[in-house]
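Visitor: With chain A held as given, fit chain B onto it using these hints.
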Amino acid sequence: MEVNESLALEHGLKKNEYKKICDLLNRTPNITELGIFSAMWNEHCSYKSSRLHLKNLPTKGKKVIQGPGENAGVVDIGDNDAIVFKIESHNHPSFIEPYQGAATGVGGIMRDVFTMGARPIANLNSIHFGSTQHKKTKSLLRGVVRGIGGYGNCIGVPTIGGQTSFDESYNGNILVNAMTLGLVKKNKIFYSKAAGVNKPVIYVGSKTGRDGIHGASMASAIFDEKIEEKKPTVQVGDPFTEKLLLEACLELMAGDSIIAIQDMGAAGLTSSSIEMASKGKLGIELNLNKVPCRELNMTPYEIMLSESQERMLIVLENGKEIEAKKIFDKWNLDFSIIGKTTNSKKIELFYDEKKVADIPVHTLVENSPMYDRKWKKTKLPKKNKINKDSFKNLKILNVLNKLLSNPNICSKEWIWQQYDHTVMGDTIQKPGSDSGIVRVHGTNKAIAATVDSSAVYCYAHPLTGGKQAVCESWRNLISVGAEPIAITNCLNFGNPEKEENMGEFVECVQGLGEASKYLNFPVVSGNVSFYNQTKDKGIKPTPSIGGIGLIKNYKDMVTMGFKKIDNVVLVIGKTEGHLDQSIFSRDVLNIKNGPPPEVNLFNEKNNGETLLSLIKKKFVRSAHDVSLGGIIVAVAKMCIKGKKGIKIKKPKQLINQFEYMYAEDQGRYIVEIEKENYKQVKEILEKNSVHYDELGVILDKDIVIDDKTKLSIEDLILSNNKWLKKYMEA
Amino acid sequence: MNSSIIIFPGSNCDRDMDVALKKFGFKNKMIWHNDTELPKSDLVVLPGGFSYGDYLRCGSMASKSKIIESIIKFAKSGGLLMGVCNGFQILTETELLPGALLPNKYSKFICKNVFVKINNTENNYFKNIKKNILELHIAHNEGNFFCSSDQMKNINDNNQIALTYCNKDGETDDNSNPNGAINNIAGLFNKQKNILGMMPHPERMIDTYLSGDDGSIFFQNLITNLK
Numbered sequence: 002m003e004v005n006e007s008l009a010l011e012h013g014l015k016k017n018e019y020k021k022i023c024d025l026l027n028r029t030p031n032i033t034e035l036g037i038f039s040a041m042w043n044e045h046c047s048y049k050s051s052r053l054h055l056k057n058l059p060t061k062g063k064k065v066i067q068g069p070g071e072n073a074g075v076v077d078i079g080d081n082d083a084i085v086f087k088i089e090s091h092n093h094p095s096f097i098e099p100y101q102g103a104a105t106g107v108g109g110i111m112r113d114v115f116t117m118g119a120r121p122i123a124n125l126n127s128i129h130f131g132s133t134q135h136k137k138t139k140s141l142l143r144g145v146v147r148g149i150g151g152y153g154n155c156i157g158v159p160t161i162g163g164q165t166s167f168d169e170s171y172n173g174n175i176l177v178n179a180m181t182l183g184l185v186k187k188n189k190i191f192y193s194k195a196a197g198v199n200k201p202v203i204y205v206g207s208k209t210g211r212d213g214i215h216g217a218s219m220a221s222a223i224f225d226e227k228i229e230e231k232k233p234t235v236q237v238g239d240p241f242t243e244k245l246l247l248e249a250c251l252e253l254m255a256g257d258s259i260i261a262i263q264d265m266g267a268a269g270l271t272s273s274s275i276e277m278a279s280k281g282k283l284g285i286e287l288n289l290n291k292v293p294c295r296e297l298n299m300t301p302y303e304i305m306l307s308e309s310q311e312r313m314l315i316v317l318e319n320g321k322e323i324e325a326k327k328i329f330d331k332w333n334l335d336f337s338i339i340g341k342t343t344n345s346k347k348i349e350l351f352y353d354e355k356k357v358a359d360i361p362v363h364t365l366v367e368n369s370p371m372y373d374r375k376w377k378k379t380k381l382p383k384k385n386k387i388n389k390d391s392f393k394n395l396k397i398l399n400v401l402n403k404l405l406s407n408p409n410i411c412s413k414e415w416i417w418q419q420y421d422h423t424v425m426g427d428t429i430q431k432p433g434s435d436s437g438i439v440r441v442h443g444t445n446k447a448i449a450a451t452v453d454s455s456a457v458y459c460y461a462h463p464l465t466g467g468k469q470a471v472c473e474s475w476r477n478l479i480s481v482g483a484e485p486i487a488i489t490n491c492l493n494f495g496n497p498e499k500e501e502n503m504g505e506f507v508e509c510v511q512g513l514g515e516a517s518k519y520l521n522f523p524v525v526s527g528n529v530s531f532y533n534q535t536k537d538k539g540i541k542p543t544p545s546i547g548g549i550g551l552i553k554n555y556k557d558m559v560t561m562g563f564k565k566i567d568n569v570v571l572v573i574g575k576t577e578g579h580l581d582q583s584i585f586s587r588d589v590l591n592i593k594n595g596p597p598p599e600v601n602l603f604n605e606k607n608n609g610e611t612l613l614s615l616i617k618k619k620f621v622r623s624a625h626d627v628s629l630g631g632i633i634v635a636v637a638k639m640c641i642k643g644k645k646g647i648k649i650k651k652p653k654q655l656i657n658q659f660e661y662m663y664a665e666d667q668g669r670y671i672v673e674i675e676k677e678n679y680k681q682v683k684e685i686l687e688k689n690s691v692h693y694d695e696l697g698v699i700l701d702k703d704i705v706i707d708d709k710t711k712l713s714i715e716d717l718i719l720s721n722n723k724w725l726k727k728y729m730e731a
Numbered sequence: 008m009n010s011s012i013i014i015f016p017g018s019n020c021d022r023d024m025d026v027a028l029k030k031f032g033f034k035n036k037m038i039w040h041n042d043t044e045l046p047k048s049d050l051v052v053l054p055g056g057f058s059y060g061d062y063l064r065c066g067s068m069a070s071k072s073k074i075i076e077s078i079i080k081f082a083k084s085g086g087l088l089m090g091v092c093n094g095f096q097i098l099t100e101t102e103l104l105p106g107a108l109l110p111n112k113y114s115k116f117i118c119k120n121v122f123v124k125i126n127n128t129e130n131n132y133f134k135n136i137k138k139n140i141l142e143l144h145i146a147h148n149e150g151n152f153f154c155s156s157d158q159m160k161n162i163n164d165n166n167q168i169a170l171t172y173c174n175k176d177g178e179t180d181d182n183s184n185p186n187g188a189i190n191n192i193a194g195l196f197n198k199q200k201n202i203l204g205m206m207p208h209p210e211r212m213i214d215t216y217l218s219g220d221d222g223s224i225f226f227q228n229l230i231t232n233l234k
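In order, the protein sequence lines correspond to chains A and B. So for the first sequence, our numbering puts the first residue at 2; every next one is plus one. So for the second sequence, our numbering puts the first residue at 8; every next one is plus one.
Mixed in with the good hints, there may be bad ones.
[Stated by the list, open to error] Distance condition first, Cα-Cα at most 25 angstroms in a straight line; then the derived BS3-like pairs of lysine-lysine:
1. 331(A) <-> 71(B)
2. 21(A) <-> 356(A)
3. 119(B) <-> 564(A)
4. 71(B) <-> 723(A)
5. 136(A) <-> 115(B)
Keep in mind that the hints were calculated from the coordinates and are not lab data. If you're wondering where the values come from, they're calculated on a predicted model, not measured in any experiment.
This is chain A alone, in the form it adopts within the complex (with noise of 0.2 angstroms):
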């Protein structure tokens, strides 16, 4: 096949791109450097328009033993124990074929985390979707929902905890993130930097199929009606054999047989191949006739860009060979070595004996495409001056028990049911918690993991929207009684070519940065998913933040849920009453401008710290963030957990009821006291400078806030738990 400009156009690279390969390797590339280069210097792989923003963030931490660069970002929990985790996309392959594009997610996030040693112990995962009215909407939730349980209960690792979301900007693209946590010794990490020459390099795993092939092009493109065609480019996930790969690597990981390791995942062979040759400062040379293939005839081209699941690449010590295979002939496991390291520098490919690719590896990587994209900065919008009229026909335990039921607030039970949420049996907290909760198997110690984003203030002022995202994942960390660590992130942005979209995602990135920084809440692991877009619409601009802190006594941790009655409860962090951009404001008076809730880092801080002390000095019997539907809510939900109820005093504040029930200002939380400890509770927020309210005290079952205003737990319960299963299953 000739190699000519439109051929590489078809490929999804640029013009100026395809010059530039001839210019750097002085002549044509044949069909299968094509293709190698077109898989690396796609954005998927290569990110070209979001490296130079993304150095910004801060990746550097006391507890950080691995930030970004690494298959997963690793930090470190104590007692030689490190925790292993990162958050990718599987989005466009989701909304193809939502099945096996959200297992085949789960499956490659999986890998990514025990290729460096780690036993995966949790998932999680964020999942967008369009509009409840769309007529896609319940078949890419059902599809997807089956693909995450389908893969992760097979492979017998829990699900405890996500994030599901229904917007009209959705509609077209749904969005599917997951996560991963695994555990690992500190002195027992894998890295995929290879090193030392004439060092065997080992294929393992399944057979290569043509599943998949340009599945990352395909991720990199935008999508338009001829979607269904692309259904060929979604890999076709196997969780059994995953499980046996993991078990394999895991017992060839406890000797010392193991140079480097990378699975295969996006670009396949290609990029896997040539990330350990980059990192090692190496040349690789493969032979493809040895590459066990599932399908007759395949090419080079074919082989190099194939995305077939569960297959990893391996660069063993000399000599280890026959003992690595044992292993892997035990769990029934192709292993065939297919070429050696060099010190070429280049990656050299062989087939039929004939020479098939030859390039420089720093044309690959080092001088891989890198743009300054043109991006336009959001003004933060003009607040709205909500008249108090439109208060006037509302009635507040109405519109709580509206909000209940809300697609975005209601009870998520009928998703997370169908994940296995407590195989491994250390799951303390499942999911529907402000964290899901593991205990460190064998030991006192407990991971909590949350995943938060908020499109819809992102869309508002990515700034503040990008800080707040980070803000919520410390909340939710520090409500459980856990000390934050660190953070991951999966930024899906809509197409970086247009500068709306480009600068939705600096400024995003940049408030992530400030805020991380601040709190001191590094970046450890991420991936960026650009093009998020059906023709010229784009998503709302949605960074997912996976966090994770730690819980030195797993017995010391706080729920949700309210406890005893006659207990206090207080709202720590103060209420300004910011209705703009909140739910109240969006969904009830149908206001959906304004910006979103200012976050000021000094409060958030501070509040958070403060409550994480009152938890240690176990003062505090339940815990929960206000967010989504403001403290009447936060506190609805508590009732729920706890099946109790609250009397709630009339604010002394001067704002508004309403604005004070469902305002959506930052950095605060709902506690649960005894009375007899309130009164050193009071002295150490008020020596702190925390903010403090004095909500109500806990009764056996009603919300009541009068004698006419109040509502049954029962009613909260049925209102929150019977919207998602009714759409679902009518």
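Guide: Here is chain B on its own, set in the frame of chain A:
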């Protein structure tokens, strides 16, 4: 007491079961599916998971594995053999227990707490157990027990129903049946009551910080009965 857990490729509750058995005093050994001999055991457990991927009928591949002959021999000679979840499916596929486990009624995976009533305490598993209703955890896609009416008659005649799904007061009704199982059957014995298959996972309920602690009652009682 010596116990053995069989590990099939794709088993994923083997470690959890190992932790539980050891916590209550069993000396446990892990046995690989390709082995042909069982060590001397007072209890053999087929754990939960997706043996061989369960791409065919759940448990059917495992029922043809190398170790299975010695398991059948062990059970036929009266040895205590327990299958949980995928283990229960394997027991029906080997025909050590009657019936079959079909996909759940609403054809989705279900992971949640359920209540089960103990129907028969004349056996080593439940003799002297201090609670009649246990809160246990299920996590499966194929737990909808089904059998022919002849088989059902035999099951009833021989008092083989071990556990039935019920509400917290012990009433067996449709609302408390999570998967559509015939007669709310959650667990089943063979005629001699030395083989027990059950969908719920007692090994996930062994301390108060987990979804519950009733699994502890089960294991504690079991080892006491065996001593």
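Visitor: All the hints need checking, so say for each whether the structure fits it.
Guide: Here is how each hint holds up against the structure:
1. 331(A) <-> 71(B): 18 angstroms, holds
2. 21(A) <-> 356(A): With Cα atoms ~23 angstroms apart, residue 21(A) and residue 356(A) stay inside 25 angstroms; holds.
3. 119(B) <-> 564(A): Holds, at about 22 angstroms.
4. 71(B) <-> 723(A): Violated. Residue 71(B) to residue 723(A) sits at ~44 angstroms, over the 25 angstroms cutoff.
5. 136(A) <-> 115(B): 22 angstroms, holds
When the structure is compared with the earlier hints, a violation turns up for hint 4 alone.
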